[in-house]
Amino acid sequence: MPGQPWTREELDSLLRQVVAERKPLPKLSVPGKTTAAINNQRRRLKEAGLLKNSFTGLRHVPWTICELRQLARLTGEHGFSAAFIAQLQLIPGRSQHAISKVMGRHGLGNPAIKSRARNGRRLTPEIRRELERFLREEGRFCPSAAVARRWDLAAQTVNGMRRRLGVALSWKEARASEAYRKGQEGRARAFADQLHHRWQEWRVQREQRFRAAQSQLTQSPSAPPRRICVDCGEHWFATRYFFHAQTRQRDSAISTSMSRTCRLCRAARRRERKRELQEPPRTFSVHTSTRKSSAS
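The numbering used here numbers the first residue of the sequence shown as 4 and each following residue consecutively.
Worth flagging that the hints you see were computed from the coordinates, not collected in a lab.
One thing to keep in mind: the hints can contain errors.
Straight-line alpha carbon distances no greater than 30 Å define the calculated BS3-like cross-link-like pairs of lysine-lysine that follow [said to hold, decoys possible]:
| no. | residue 1 | residue 2 |
| --- | --- | --- |
| 1 | K30 | K49 |
| 2 | K104 | K117 |
| 3 | K26 | K36 |
| 4 | K49 | K117 |
| 5 | K36 | K55 |
| 6 | K26 | K49 |
| 7 | K185 | K277 |
| 8 | K26 | K55 |
| 9 | K117 | K26 |
| 10 | K185 | K175 |
| 11 | K55 | K30 |
| 12 | K104 | K36 |
| 13 | K49 | K36 |
With beta-carbon atoms standing in for the labels, derived distance ranges [stated by the list, open to error]:
| no. | residue 1 | residue 2 | range |
| --- | --- | --- | --- |
| 14 | R132 | G82 | 32 to 42 Å |
| 15 | P29 | R131 | 18 to 28 Å |
| 16 | R132 | S57 | 20 to 30 Å |
| 17 | R209 | R72 | 34 to 44 Å |
| 18 | A226 | I257 | 19 to 29 Å |
| 19 | E188 | R153 | 42 to 52 Å |
| 20 | R206 | A241 | 56 to 66 Å |
Virtual Cβ for every residue (Gly too), placed ideally from N, Cα, C.
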């Protein structure tokens, strides 16, 4: 509902504060009038030419089609934020607040980031003071991930608060924690599993190449003789592609011998030997020492 109309005394008081005393909006005071009412009345007095250039106000410049298209390209194709665009002045003359407002009106920006900002947790002054006390005292060496889970925050938020408080963990302190060690072990296991999976795929592709070469040589009129692998029993062709060949030279004689195991089974044997060497020692030595001690 509209308020009471301005009286002559209230207008004179506002004019004196703006023209003579040069007060900004937060310091303007007229009994019975809100800040919004004072700001609107000041704008009307400015348009009437009664402020004598003591208040210029903000000049409203509508957004052009070119600016809107550029903003859509910067936020859609490149994923830039309003702060980044304003900092680099990619749209000249537009502040971060203006860019952010236009992005909100036109639905621009990353939906995940916007949703995270809307649903982010805002700490009350009491909870913030308690968290700062915890980071300075008993939580000084706690990992940021553990603190974030306890206070229902993001780990980046905890790291930023630690930097502002001057209690950020050093490189050695952060990596000496139990959480970092477990994370390293998890990453090592994931890398080993990924590498094992890649080698499995490579072996499957290698066998497929062997099958394709075997089928191609079978259709050839001058195919080499076949050779049976002693491990898998497959009838491969007696060529260096399928079997390992070794050449020896004694004096002036040169002899060539070909393995009885195909290259696929030969590689499988090497993997098996390597796996046996990497296995932990069995308890045979323990039983041997026990038998010796009991015999003595």
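Hints, one by one, checked against the model:
With a C-alpha separation of about 18 Å, the suggested pairing of K30 with K49 holds against the 30 Å cut-off. The suggested pairing of K104 with K117 holds, with an alpha-carbon distance near 13 Å, which does not exceed 30 Å. Among the hinted pairs, K26 with K36 is consistent with the structure: their alpha-carbon atoms are about 16 Å apart, no more than 30 Å. With a CA separation close to 38 Å, the supplied pair K49 and K117 exceeds the 30 Å bound.
Of the supplied pair hints, the one linking K36 and K55 holds, its CA atoms being roughly 23 Å apart against a limit of 30 Å. Of the pairs offered as hints, the one joining K26 and K49 holds, with about 15 Å between alpha carbons and a cut-off of 30 Å not exceeded. Taking the CA atoms of K185 and K277, the gap is about 27 Å. The hint holds against a cut of 30 Å. Of the supplied pair hints, the one linking K26 and K55 holds, its CA atoms being roughly 14 Å apart against a limit of 30 Å.
A distance of roughly 38 Å separates the Cα atoms of K117 and K26; the hinted pair therefore is violated under the 30 Å criterion. Proximity of K185 to K175 is assessed by CA-CA distance (about 16 Å); at most 30 Å being required, the pair is judged to hold. Taking the CA atoms of K55 and K30, the gap is near 19 Å; set against the 30 Å cutoff, the hint holds. Using a Cα cut-off of 30 Å, the hinted pair K104 and K36 holds, with the two alpha carbons roughly 28 Å apart.
Of the supplied pair hints, the one linking K49 and K36 holds, its CA atoms being roughly 18 Å apart against a limit of 30 Å. Hint check: R132 to G82, Cβ distance near 35 Å, so the stated range 32 to 42 Å holds. Taking 18 to 28 Å as the suggested C-beta distance range, the pair P29 and R131 conforms, at roughly 25 Å. In this structure the supplied range 20 to 30 Å is violated for R132 paired with S57, their Cβ-Cβ distance being about 42 Å.
For R209 paired with R72, a C-beta distance near 53 Å fails the hint of 34 to 44 Å. The supplied range of 19 to 29 Å is met by A226 and I257, whose beta-carbon atoms lie about 25 Å from each other. At roughly 23 Å, the beta carbons of E188 and R153 sit outside the given window of 42 to 52 Å. Remark: the range hint 56 to 66 Å for R206 to A241 is contradicted by a beta-carbon distance near 22 Å.
Comparing the model with each numbered hint stated earlier shows that hints 4, 9, 16, 17, 19 and 20 do not hold.
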